[in-house]
Amino acid sequence: MSRVVILGAGVAGHTAASFMRRWLTARDEVAVVSPNALYNWIPSNIWVGVGLMTPADVTFPLAPLYERHRIVFKQARALELHPEGRVGDPAPFVVIESTRPDSQGAHEDLRYDFLINATGPKLNFGATPGLGPEGHSLSVCTETHAAETARRLNELVERMTRGERARFLVGTGHGACTCEGAAFEYVVNLEFELRRRGVRDRADIWWLSNEYELGDFGMGGLHLQQGGFVTPSKIFTESLFAERGIHWITRAHVRQVDPHMAHYETLDGAERTFAFDFAMLLPPFSGVGLKAFDQQGADITTRVFQPNGFMKADADYTPRPFADWSPKDWPRTYQSPAFPNLFSAGIAFAPPHAISQPRQTPKGSPIAPAPPRTGMPSATIGKAVARSIVDMIGGAPTPTHEASMAKMGAACVASGGADMWTGTAASITVFPIVPDFERYPEYGRDLGGTFGEIGLAGHWIKMLLHHAFLYKAQLKPGWHLIPE
Amino acid sequence: MTAPDTTPVEDQRAYAPVPTALTKRLRTFVPWQLVRFAVINLRMLRLLWRGHHQ
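Residue numbers (this note's numbering), protein chains in the order written: chain D, 45 to 528; chain G, 1339 to 1392.
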């Protein structure tokens, strides 16, 4: 009998747990550790954030689902990894702390044969003073954040219907943020909602991000074949914003958020302020702060994790100038180089380098979008890691499956307004996610596999994905046939 | 907070391409979008297939 412990029940962790349970025998145990009682389909949080959905539409309880499918569920957060066990007992274990209301704070040592770190990120609002729901801006990173954002939006729209004008600021709350795509979806949905509610003419909507150019999305942008031209995504995104009357500020690092005022610095060294009535600014991510210890209890966190808290995988982390990075540096199996029974998946693995060129302001502030690794890549990585572990339990000496982001494409459907007949979404695909200039010398990506298009069909696909992925996550009949 | 807003307002729209009326109409024209729905889904499935066969 083997026990596989999965830390995290997000897209990567839940996918890994689901497939692992399907592929392992009944004698083997699959245990999921998550501090949250609910599964959250995060891509639909933007619709909660504009009031079109409720948190109940994008979540479901994990415990009854896991009980039905013979997956052990521990509602707890992971604190410490002990990959060598203790002196006299070399069985590896992880220390977890309960987050259940009836046992809050209780610690438990959970042994494992294999462990997947799929904790996702820590939402690092603390990196920018005043950023976040406990400060002076809003977020859509969790369903509760998004519900609060919708409530504040409703209050403001109420005032606008009485004649007030309002300034909206949407984007990234720090120069090292990732997930620009989520903020992009929020700003275009916000614009659509304000139009639908009849107050668009009283709204000034601004985008502020750490991207060098619009449409960078932390991937260095992408190139699309359109109308006889190969055009950068900057053109695609500028067109969308111009059409909808959204102003934009790029190359910006938010230094501080005060009540109704954001202070930011741009790449050219300018320091500016922006007065707002409503600000939805995403935080930068870091690892969740797991520590690792050896058999004697000595701290070996730096052997297992990068300084930013993300877990080291089978990547090449040798520091090099940005221009010298190679797609081969990216991890393929996500196995820890320190411990062969330790894996990471989704946002929790440490990327070896940025995809979008990192820059600094004259004062040294980062204008450095971090690489995205959410959604489709997260699920694909979770499934590949699960397959490798199942094969290793069966006797394979090394991981058998790979899921390099340098060999994987991604599809993204970014909602541009949710209505069955007048809504739109930008359907975008890229191949590969990490540009490969050796294979595709001109643009780093295959133009045949990279496209973008705005239209109602995209909205239909977005709705289809919402329902299909929630169906899949609830492990309903045939769930495993739905692709990642 | 007493700091004034110092963000300059520029006419960014003047330098960006904007869609024609026909392009905008096609974006929500149901028969055309049904075709695009099929095409986009096929392209995405092809992408998935490629990812699994690299």
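No lab work stands behind these hints, which were simulated from the structure alone.
Each hint should be verified, as a subset may be incorrect.
Stretch by stretch, here's where chain G covers chain D in the computed footprint (C-beta under 8 Å, at least three residues) [what the hints assert, rightly or not]: (1) 289-298; (2) 314-321; (3) 395-406; (4) 511-524.
Remember, predicted model here, so these are calculated numbers, not experimental data.
A virtual CB, placed ideally from N, CA and C, is assigned to each residue, including glycine.
- Between the stretch 314-321 of chain D and chain G, see if three or more residues pass the 8 Å beta-carbon test, and mark the coverage as holds or violated. Coverage by chain G holds for the stretch 314-321 of chain D (4 residues, Cβ < 8 Å).
- Within the assertion that chain G covers the stretch 511-524 of chain D, do at least three residues meet a Cβ-to-Cβ distance smaller than 8 Å? It is violated: at least three residues are needed, and the stretch 511-524 of chain D offers just 0 whose Cβ sits closer than 8 Å to chain G.
- Check whether three or more residues of the stretch 395-406 of chain D sit with their beta carbon closer than 8 Å to a beta carbon of chain G. violated (count 0)
- Quick one: see if chain G covers the stretch 289-298 of chain D, three-plus residues with Cβ-Cβ under 8 Å. holds (count 4)
In this structure, the earlier hints numbered 3 and 4 are contradicted, and the remaining ones agree with it.
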